[in-house]
Amino acid sequence: MAELRDIIAHILKTYPTRYDMSNARLTKLVYLSDWRHCLRTNSQISNIKWFFNNFGPFVWDIKDTAKENPHIFELETTTNMYGDQKTIFILNSKDYSPRLSEEEMKSIDHVINETKNLNWDQFIRLVYSTFPIASAERYTYIDLIEKAKEYMS
Amino acid sequence: MLLLLCYLQYRKGGLLKKLIRSNSTIIEENTQLKVENEQLKEDASQLSEDVNSLCESYLYKLAKGPMKFGSVDGCYERMTLYAHSSNGSFIPLGRVSYNPEYDKKGRINYPDDQGCIAKAWRNNWHFSNDYPDPETATKRYYQRCEKDGVPEDIMKNVKMKSRLYCGFRIWDNSGTEPLAVLIAEATDPHRYQEEELRSIFQEEQKWFMGELIKRVKQRIPDFKEAKLKGF
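Chain order of the listed sequences is V and P.
The first sequence begins at 1 in the working numbering and counts up by one.
The second sequence begins at 1 in the working numbering and counts up by one.
Just chain V, with the same shape it has in the complex (with noise of 0.2 Å):
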């Protein structure tokens, strides 16, 4: 299991920049990026209790790290052109270097690969398509190594 900031620190190094890192599309990197971990080893690389609300897979915990470290994060606060506060996250030290193992930098690359291309319908089209997603009712925990066992049977 990794360190969550090293995760959103990876996420951020590697993600093709142009795109604003909102905090709902980091969320959901770091959401698909355990799902693929379960799949692949049936374990999260985060420690994060994953809770499915309105948002899909939603939790503070992506945006409270980053707060808590800004030597290596940055929180930009915009208001968008529907008035709504926009968070952005910028990565403020190039150099730091995140602690990951090769399993989990892979499972993280692979979410990377796959939904760098894909504009925002398709993306949340493919978050909303994962088994955990699918499966679970609204406002309810997801236990996502229970979920990749009953995907995979």
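Simulated from the structure, these hints should not be mistaken for laboratory data.
Cβ coordinates follow ideal geometry from the N, Cα and C atoms, glycine included.
The reader is advised that the hints may include incorrect statements.
As the list claims (entries may be wrong) - Which stretches of chain V does chain P cover? Using the computed rule of at least three CB atoms under 8 Å from a CB of chain P, they are:
1) 48-56
2) 61-71
3) 91-105
4) 116-126
What the hints assert, rightly or not - Now the in silico label distances, taken between C-beta atoms and shown as ranges:
5) T78(V) with E194(P): 52 to 58 Å
6) S43(V) with K214(P): 38 to 44 Å
7) P178(P) with E76(V): 45 to 51 Å
8) H190(P) with T78(V): 53 to 59 Å
9) E225(P) with T78(V): 30 to 36 Å
10) S71(P) with T140(V): 25 to 31 Å
11) E225(P) with S153(V): 20 to 26 Å
12) Y139(V) with S71(P): 24 to 30 Å
13) R99(V) with K159(P): 45 to 51 Å
14) N53(V) with Q143(P): 41 to 47 Å
15) K217(P) with Y139(V): 22 to 28 Å
16) S43(V) with L33(P): 38 to 44 Å
What the hints assert, rightly or not - The list that follows gives simulated cross-link-like pairs (lysine-lysine, PhoX-like), each with its CA atoms no further than 25 Å apart:
17) K106(V) with K63(V)
18) K49(V) with K227(P)
19) K206(P) with K68(P)
20) K104(P) with K149(V)
21) K49(V) with K149(V)
22) K149(V) with K229(P)
23) K106(V) with K68(P)
24) K64(P) with K106(V)
25) K159(P) with K149(V)
With chain V held as given, fit chain P onto it using these hints.
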């Protein structure tokens, strides 16, 4: 003459350079606009990215309004909206019942050749309420379901053993592409009359559902694709 030719050549080259530059600026601006468009889509979808939430809001309105869910003692009703996918299955887009057990998601997809979903899809409209009581005539109930093409082993795992099923096909609003099926069911076989349901699900409702599905079409889950991508 030579000087004139040189001058013209020089002007032509300059013009060409200008054109190339403005073309590359347009391409660059176009790429930037595409990115901005994606960002705006992302911003706009924060409140409505979940297709199920959108569809269920509409189903709740129907349940509370004309369908009058929960108004008959001892009877439970349910409505489910299923989108038809190109790989021959139905994907539930939203489900509403006032009984929390019946409100649960169920399977992630359903075959398009079984049960009342298949009948409604094939025939445009389906109504049947001749199902025996699953409590007192369990065997006959399963036999009746088998007549619809749903095997007993599947039906045994279905929590809501309904005795009335009604469904209809939903088209896109140009009337050329069938998109989905809405199934209404009840545990009491006399909960609704067929004509009553026909009048509730008039063209206006069907039109609205067609419009709703058209709008969420890009977001309808595709499990096959997710599996192919390694998820």
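Here's how the hints hold up against the structure:
1. Chain P is given as covering the region 48-56 of chain V, and this holds because 3 residues of the stretch bring a CB closer than 8 Å to a CB of that chain, at least three being needed.
2. Remark: the region 61-71 of chain V is not confirmed as covered by chain P, as 0 of its residues place a Cβ nearer than 8 Å to a Cβ of that chain, below the required three.
3. Restraint check on the region 91-105 of chain V versus chain P: 0 residues with Cβ-Cβ distances below 8 Å, three needed, restraint violated.
4. Only residues whose beta carbon comes within less than 8 Å of a beta carbon in chain P count, and the region 116-126 of chain V has 7; three or more means the coverage holds.
5. Checked against the hint of 52 to 58 Å, the pair T78(V) and E194(P) passes, with Cβ atoms roughly 55 Å apart.
6. Checking the proposed 38 to 44 Å range against S43(V) and K214(P) shows it holds: the Cβ atoms sit about 41 Å from each other.
7. Here the CB-CB span from P178(P) to E76(V) is close to 46 Å, well matched to the stated 45 to 51 Å.
8. At roughly 58 Å, the beta carbons of H190(P) and T78(V) sit within the given window of 53 to 59 Å.
9. At about 33 Å, the beta-carbon gap between E225(P) and T78(V) stays in the expected band of 30 to 36 Å.
10. A hinted range of 25 to 31 Å holds for the C-beta pair S71(P) and T140(V), which are about 29 Å apart.
11. For E225(P) paired with S153(V), a C-beta distance near 21 Å keeps the hint of 20 to 26 Å intact.
12. Distance hint for Y139(V) and S71(P): a CB-CB separation of about 26 Å, consistent with the stated range 24 to 30 Å.
13. Restraint check, R99(V) to K159(P): a C-beta distance of roughly 46 Å satisfies the suggested window 45 to 51 Å.
14. Range check, N53(V) to Q143(P): Cβ separation about 42 Å, and the 41 to 47 Å hint holds.
15. The supplied range of 22 to 28 Å is met by K217(P) and Y139(V), whose beta-carbon atoms lie about 26 Å from each other.
16. Range check, S43(V) to L33(P): about 42 Å between beta-carbon atoms, so the 38 to 44 Å window is met.
17. In summary, the hint linking K106(V) to K63(V) is supported, as the alpha carbons are separated by about 23 Å, within the 25 Å threshold.
18. Restraint check for K49(V) and K227(P): the C-alpha separation of about 23 Å stays at or below 25 Å, so the hint holds.
19. Pair hint K206(P) plus K68(P) holds up; C-alpha atoms about 18 Å apart against a cutoff of 25 Å.
20. For the hint pairing K104(P) with K149(V), the CA-to-CA distance comes to about 21 Å; that is within 25 Å, so the pair holds.
21. Restraint check for K49(V) and K149(V): satisfied, since their Cα atoms lie roughly 17 Å apart, inside the 25 Å limit.
22. Between the alpha carbons of K149(V) and K229(P) the distance comes to roughly 18 Å, so the proposed pair stays at or under 25 Å and holds.
23. Restraint check: the Cα-Cα separation between K106(V) and K68(P) comes to about 52 Å, which exceeds 25 Å; the hinted pair is violated.
24. For the hint linking K64(P) to K106(V), the alpha-carbon distance of about 49 Å lies beyond 25 Å, and the restraint is violated.
25. With a C-alpha separation of about 23 Å, the suggested pairing of K159(P) with K149(V) holds against the 25 Å cut-off.
When the structure is compared with the earlier hints, violations turn up for hints 2, 3, 23 and 24 and for no others.
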